[in-house]
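Kindly produce the complete structure, drawing on both the sequences and the hints.
Number of protein chains: 2
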Amino acid sequence: MEALEAILTRRSIRHYTKELISPEIVQKLLEAGMSAPSACDFQPWQMVVITERALLDEIPAFHPHAAMLPEAPLAILVCGEPETSRHWQQDCSAATQNVLLAAHALGLGAVWLGIYPRENRVAPIKKLFEIPEAVTPLALIAIGHPAEQKPPQGKFKPEKVHQNKW
Amino acid sequence: MEALEAILTRRSIRHYTKELISPEIVQKLLEAGMSAPSACDFQPWQMVVITERALLDEIPAFHPHAAMLPEAPLAILVCGEPETSRHWQQDCSAATQNVLLAAHALGLGAVWLGIYPRENRVAPIKKLFEIPEAVTPLALIAIGHPAEQKPPQGKFKPEKVHQNKW
Chain C
1 MEALEAILTR RSIRHYTKEL ISPEIVQKLL EAGMSAPSAC DFQPWQMVVI TERALLDEIP
61 AFHPHAAMLP EAPLAILVCG EPETSRHWQQ DCSAATQNVL LAAHALGLGA VWLGIYPREN
121 RVAPIKKLFE IPEAVTPLAL IAIGHPAEQK PPQGKFKPEK VHQNKW
Chain H
1 MEALEAILTR RSIRHYTKEL ISPEIVQKLL EAGMSAPSAC DFQPWQMVVI TERALLDEIP
61 AFHPHAAMLP EAPLAILVCG EPETSRHWQQ DCSAATQNVL LAAHALGLGA VWLGIYPREN
121 RVAPIKKLFE IPEAVTPLAL IAIGHPAEQK PPQGKFKPEK VHQNKW
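Here the protein sequences come in this chain order: C and H. All the letters of the first sequence, read from the start, carry residue numbers 1 to 166 under our numbering. All the letters of the second sequence, read from the start, carry residue numbers 1 to 166 under our numbering.
Worth flagging that the hints you see were computed from the coordinates, not collected in a lab. Heads up, some of the hints might be wrong.
Which copy? The list can't say, so a pair holds if one copy fits it or any two copies do.
Computed cross-link-like contacts, BS3-like style, restricted to lysine-lysine with a CA-CA straight-line distance of at most 30 Å [what the hints assert, rightly or not]:
(1) K155 to K28
(2) K165 to K150
(3) K28 to K150
(4) K18 to K150
(5) K127 to K165
(6) K160 to K127
(7) K127 to K150
(8) K155 to K165
(9) K150 to K160
(10) K126 to K155
(11) K157 to K28
(12) K126 to K160
(13) K126 to K157
(14) K127 to K18
(15) K28 to K165
(16) K28 to K160
So, in structure tokens, the structure goes:
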């Protein structure tokens, strides 16, 4: 898929078929994520690849927008190291967006579930995935072969554009 | 350019030719930026398109990594509305990454200059571009036709990948 088309047509996909995702595809998603830019090239991210059914099924108990996870064959938890960089949140968000775009380009469907800065999501995620104290989970990406299709959203708004000064 | 190739080969480009960037291309970059996902679809971004030479030339006086701006024909300032969403920083970072990827896919070169949370960058940027009190500049993207070529960086690190639990 062409890059601009991928950017403009990507949508949040929350229904998936039962088909599993191969390790080769997971590798491509991880490479895409780690290709993001980062302040001072600190690369302050860490990624947890989640395929264990029991772990995925447990998340909706504490995350209000995670109802698709029991359907998803895969999730990638993007974590950051706040002590490494004061731009960690931005860098890890760019990595998350890369994974979402790569998934779409590879014919998969995915959706970004916000974790940080909501403590009632951060704490149970850290406990469930045994994340070290110095690491903060930023976002969880649910991924699968899409069982729904959505048209491009067309979110460009001219009133959000300013020329030279506000 | 194919989407995965764009993601994997994008680099920070800091030297540009004197060629200007057409309004049609600027429009594509803005559409790419605003196609990013956002928490609850709040779209908490605003974008300032900067082409005025005097404004671009002034930024290196207070931003230590902006030496390329006097060479750049264009910059896009991505701003957020923190009161709109507690995920504003993540959403605006995804939008910034979309602009960077679109620029690369269109044959341009670009680089992400961090602004927020460094107050000694946020304050002078707000003053120079007359940004309203409730709006925060997150990142400045310098853009031009590339006058340097860089090979793909290959930043994948297997030690940053964890399986199911840390």
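Checklist entry - Which of the numbered hints are not met once you compare them with the structure shown? => result 2, 7
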